[in-house]
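Those sequence lines, one after another, are chains B and D. Taking the working numbering, I'd label the letters of the first sequence as residues 1 to 484. Taking the working numbering, I'd label the letters of the second sequence as residues 1001 to 1536.
Calculated directly from the structure, the hints in this document are not laboratory data. Note that beta-carbon positions come from the ideal geometry of N, C-alpha and C, so glycine has one too. A couple of the hints might just be wrong.
Here are the simulated DSS-like cross-link-like pairs (lysine-lysine), alpha carbons at most 25 Å apart as the crow flies [as the list claims (entries may be wrong)]: (1) B/384 x B/426; (2) D/1535 x D/1490; (3) B/99 x D/1266; (4) D/1365 x D/1257; (5) D/1498 x D/1065; (6) D/1405 x D/1365; (7) B/281 x B/307; (8) D/1112 x B/370; (9) B/99 x B/120; (10) B/474 x D/1498; (11) B/80 x B/474; (12) D/1257 x D/1306; (13) B/307 x D/1112; (14) D/1068 x B/469; (15) B/52 x D/1490; (16) D/1058 x D/1068; (17) B/52 x B/384; (18) D/1290 x D/1357; (19) B/307 x B/325; (20) D/1306 x B/469; (21) B/225 x B/99; (22) D/1405 x D/1515; (23) D/1257 x D/1405; (24) B/474 x D/1357; (25) B/370 x B/325; (26) B/307 x D/1257; (27) D/1448 x D/1459; (28) B/80 x B/52; (29) B/469 x D/1102; (30) D/1290 x D/1301.
To spell it out: a stretch of chain D is covered by chain B in this simulated footprint if at least three of its residues, at any positions, have a beta carbon under 8 Å from a beta carbon of chain B; those stretches are [what the hints assert, rightly or not]: (31) 1026-1039; (32) 1166-1177; (33) 1192-1199; (34) 1323-1336.
Derived, one-sided and incomplete: chain D residues facing chain B with beta-carbon distance under 10 Å [said to hold, decoys possible]: (35) 1183; (36) 1185; (37) 1243; (38) 1277; (39) 1425.
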Amino acid sequence: MNILDSLTKIVGKENVSDTEADLQLYAQDLSLLPPGMADAIVWPGSAEELGKVVAYCNENNIPVVPVSSRTHVHGSTIPKQGGVVVDLKRMNKILEIDKRNRLARFEAGVTWTQYTAALKEEGMRTVMPLLPRPDRSVLTDLLEREVPTNIVYDYGAPTQSMQVVWSDGSLFRTGSASVTGFPDSKSRGANPAGPGIDFYRFLQGAQGTMGVVAWMSAKIEHETKIDKIFLAPIEDLAYGQSFLYRILPRRIGQECLLLNNVDLAAIVADREDDFDALRAKLPPWTLILSISGVMRRPEEKIAYEEKFLAEVLRNEYSGLNLSEKLAGFPGLGRKLMPMLRSPWPEDVEYWKNRLRGACQDVFFIARPDKTPIYVDIMDDIAAKNGYPIADIGKYIQPIEHNRACQVEFSLFYSQDDEEEKELVAKINREATVALMNAGAFFSRPYGEVASIVYERATNYTMALRRVKKVFDPKNILNPGNLCF
Amino acid sequence: MSINRLAYNAMKAVVGDRYISEDPAICQGYRSGPGGFEGGTGYERVMTTLPHAVVLPKNTEEVQKIVKICNRYDVPYVPYSTGFYGPRTHCHVENEIIIDLKRCNEYEMDAKHFYFNVGSGVTLGALQQEAMDNGAYTVIGGGGAQCSAICNLIGDGWSPLSHRVGIPHRRILGTELVLPDGELVKMGSLATSDDPFWGEGPGPDLRGLLRGFTGLRGCLGVVTKMAIKTLPFQPEPLVPTGVSPNTQLELPLNRVKWINYIVPTKEAQVESMFEIGHAEIAAAVTKVPKFWRAIAKAEDKEEFWKLWLVEDEESIKDFFIVRVLLVGFTSEEDMQYQERVLNDIMTEQGGVARRTKPSDESWIKNADSAGMWLMCGSYVSVDYVIESLSQAVDHGESYAELKWKYTPPLMPDFGDPGWFQNFEMGHQGYSEFLIYWDQREDVEGVDKFYVDTSKMNIKHRYYTSLLGPHQPMYLTGPAYGPNYHTWMLKIKEELDPKWVSHPPVPFAHDEFVRKAPWMKDMIDWESPAELPGRKW
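With the sequences and hints as input, model every part of the structure.
What follows is the structure, given as structure tokens:
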């Protein structure tokens, strides 16, 4: 029996394909990595079907490339060694929303649009990354540790329990969902840790190389009652960071981020034609800070946060013009506030694609006070290679009371311009090395960045391969990614 | 019998004469018990033995060298820091050595970025003072301030202060782990630089090897260094007062305050906890067992019993307390806001604020675990679970029911359903069940109660801390995951093919129930004729 027949037996013929058109759909993504062709695509409808597909591939030494989102940007779903693409988009059920325990459980195919709408109906919300693509899988973005814009919760990551399919096809539940019979159990799946060892850690940032996650439970929050958004033009990034070091440890704010004029213009431009004018007019950086009143006495919460901010500004940061309006941009705050808690709209071209059609992000974790140095490094490398500095998108996301941050540089380019693609790839490589040398930490390395990072992280790489050998001894799960 | 002389001499060459010993008097100091956590259990009597030698390395490089020597010469070892965790952190096989990490006692704090970088010998008490001097706080786990901060974080690591961040794993940043074969893994940002400020990755997160929901007791290697996240606090000083052992921290009440509320019913107690979480206020929210009050008041054992034995089932059944710690993290106005919200909630639930000491005697300062031995001499937290608040409440009832069967030998607690509280702003609930007994009397009931609690958890589908090394793996393994034990075994065999790192953990409890005659009738689960691992 050939691959297709075997897979058909598991999921039915309407859920398997090896047509050229379907294979092409999964052969490349929006990254700079070269395409790769799978041998078949399969769309399982349940964890059980998924388990059987993976077991079959394992028995026959066939690579398995798990896919959950509809759009991919990092190259991690390109079949690098052929095999079977397992697209989980049919597994798109929100399995439960438990308002009392504030958790939701959802399958891998659930998108940000679907998830945020379902939560809203229940008066709930989730912490989320900045304007995720509407068709991205929530599960994948959480698993891949996309950094949220929300900075107020000490527990940071919302991820709780998961169900995973190991490379041998067996189904396994992590954390407190591991109890027999879950969810028909006293345990609600609220603890990500255990059983025995922290399996969930191995699955995070793994790009599907350790196991295929079928569903996940995650924390959710009540919708806020009142929100206020503040904006400040920032000329001197170091000064802006100094202000964040002062206020964020005092637990001020709900969402907080810094965007440069390029990124902010790309986000708020109503039409593509508006972009250039906006970019030219916006300050080099804009600090965006929301404060929120939650379930009880929301006005009073807003009031004490505002009072604290006012005192700090008056007494210590008189050079910072933080207010509800950004001078020269009426209505900007009103426009941005709902965007901070929504995916990008489905009917508008994604903000990172609006400028040149494609974008390569260079992103890493950093100490906030070193961000001005990283900006200089990026600018120098771009300039040296002839890439216009004025076109680089820059986004700094404070994390956990500003004890760290994620820095993201966006290099926009045209998909049709091979020369430009090569240039951007070169800048990506050079910048990664230079930034690492200056202390930047690439915690989520994709594509070419992975080989740079793992070459340096020698003992970590060795240990990672030993753990991988336990969970996927035949290396069938998404081979060719990370250091596998 | 002795360990290989070549091994001993090689280790001596690494640490120097002064920091290695096989003097029986020194080794006696590393005996499990008498007293201490889990002291006096049958597990202690059956499974622990004296080390043949003790070696005290001073840094990661020396630990690596010692572990490699152990691998070369087949010398089993147990990593050890401050030794709180009783029998499970002591030697289990003959001719084993203890690697005592107390000399790895350097630390530094990066106050701006809210973390410490510590060695394994650094205690939580030192860190809490340093943190508070720098506008931050850490969570002193139930083991107490005298525990190694690293061991606490890779073992358990929670307390009532876990209301803001519960899962201790979240506070672990860049870490150095010496694998059982002596290879070093630097995790997080340490993987590519000397800066430990970040914990995850690169890529899949190998911090998964450090622990499960609870700790692995050193069976997957030795953590020698770790950066530990702290949490931002408020700026007013907390002033130490009193004379030991009756010491307190005087609280700046405009910014830090404990308030005890008496509420009319269990439902009101639980509902108020949920509401506090949903309102996103407070720094700690807990219900404590009533006998803790007697412990706190008593100056000695006799006074405890005098206070405690006036209680009965009725008085326990109708006692509902919610203890809340408010911290004005932002400002005094923040404090006032939180207090108003709290009063709204408690008024709705019929709660009445009681006069509460304007000081902290335990949870911020030291997690007074020593007091736990006051009444009977022996103490164990049989189970301690982070799950939902929903599970926490039901779990307590099931546990209390089972406990009747084993009282005595356990101290009577008149049906108290344990301690439960909010974790992570009520996204999680915590339940912990403590037992007390006199180890000079019958201890077999305690060992049986442990295993019976596991069986109860499996039957009612509760999540539990009784996983991994804490209970027979062949009992709990099939019921969780399922078959998590098979994966643990594969990891163990991959990283420790010679089984030198703290054998026979994680299968030590399996071995115990086979060795202890009184446990035989408890075994109603399937397991292989030969347990995995090397026989020493």
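Hint by hint, here is what the structure shows:
no.: 1; hint: B/384 x B/426; in the structure: holds, 11 Å
no.: 2; hint: D/1535 x D/1490; in the structure: holds, 17 Å
no.: 3; hint: B/99 x D/1266; in the structure: holds, 21 Å
no.: 4; hint: D/1365 x D/1257; in the structure: holds, 14 Å
no.: 5; hint: D/1498 x D/1065; in the structure: holds, 16 Å
no.: 6; hint: D/1405 x D/1365; in the structure: violated, 36 Å
no.: 7; hint: B/281 x B/307; in the structure: violated, 30 Å
no.: 8; hint: D/1112 x B/370; in the structure: holds, 13 Å
no.: 9; hint: B/99 x B/120; in the structure: holds, 12 Å
no.: 10; hint: B/474 x D/1498; in the structure: holds, 24 Å
no.: 11; hint: B/80 x B/474; in the structure: holds, 16 Å
no.: 12; hint: D/1257 x D/1306; in the structure: violated, 30 Å
no.: 13; hint: B/307 x D/1112; in the structure: holds, 23 Å
no.: 14; hint: D/1068 x B/469; in the structure: holds, 22 Å
no.: 15; hint: B/52 x D/1490; in the structure: holds, 22 Å
no.: 16; hint: D/1058 x D/1068; in the structure: holds, 16 Å
no.: 17; hint: B/52 x B/384; in the structure: violated, 52 Å
no.: 18; hint: D/1290 x D/1357; in the structure: holds, 17 Å
no.: 19; hint: B/307 x B/325; in the structure: holds, 17 Å
no.: 20; hint: D/1306 x B/469; in the structure: violated, 60 Å
no.: 21; hint: B/225 x B/99; in the structure: holds, 16 Å
no.: 22; hint: D/1405 x D/1515; in the structure: holds, 24 Å
no.: 23; hint: D/1257 x D/1405; in the structure: violated, 40 Å
no.: 24; hint: B/474 x D/1357; in the structure: violated, 62 Å
no.: 25; hint: B/370 x B/325; in the structure: violated, 28 Å
no.: 26; hint: B/307 x D/1257; in the structure: holds, 22 Å
no.: 27; hint: D/1448 x D/1459; in the structure: holds, 16 Å
no.: 28; hint: B/80 x B/52; in the structure: holds, 22 Å
no.: 29; hint: B/469 x D/1102; in the structure: violated, 34 Å
no.: 30; hint: D/1290 x D/1301; in the structure: holds, 16 Å
no.: 31; hint: 1026-1039; in the structure: violated (count 0)
no.: 32; hint: 1166-1177; in the structure: holds (count 4)
no.: 33; hint: 1192-1199; in the structure: holds (count 5)
no.: 34; hint: 1323-1336; in the structure: holds (count 6)
no.: 35; hint: 1183; in the structure: holds, 7 Å
no.: 36; hint: 1185; in the structure: holds, 4 Å
no.: 37; hint: 1243; in the structure: violated, 34 Å
no.: 38; hint: 1277; in the structure: holds, 8 Å
no.: 39; hint: 1425; in the structure: holds, 7 Å
Of the numbered hints given earlier, the model fails hints 6, 7, 12, 17, 20, 23, 24, 25, 29, 31 and 37; all others are met.
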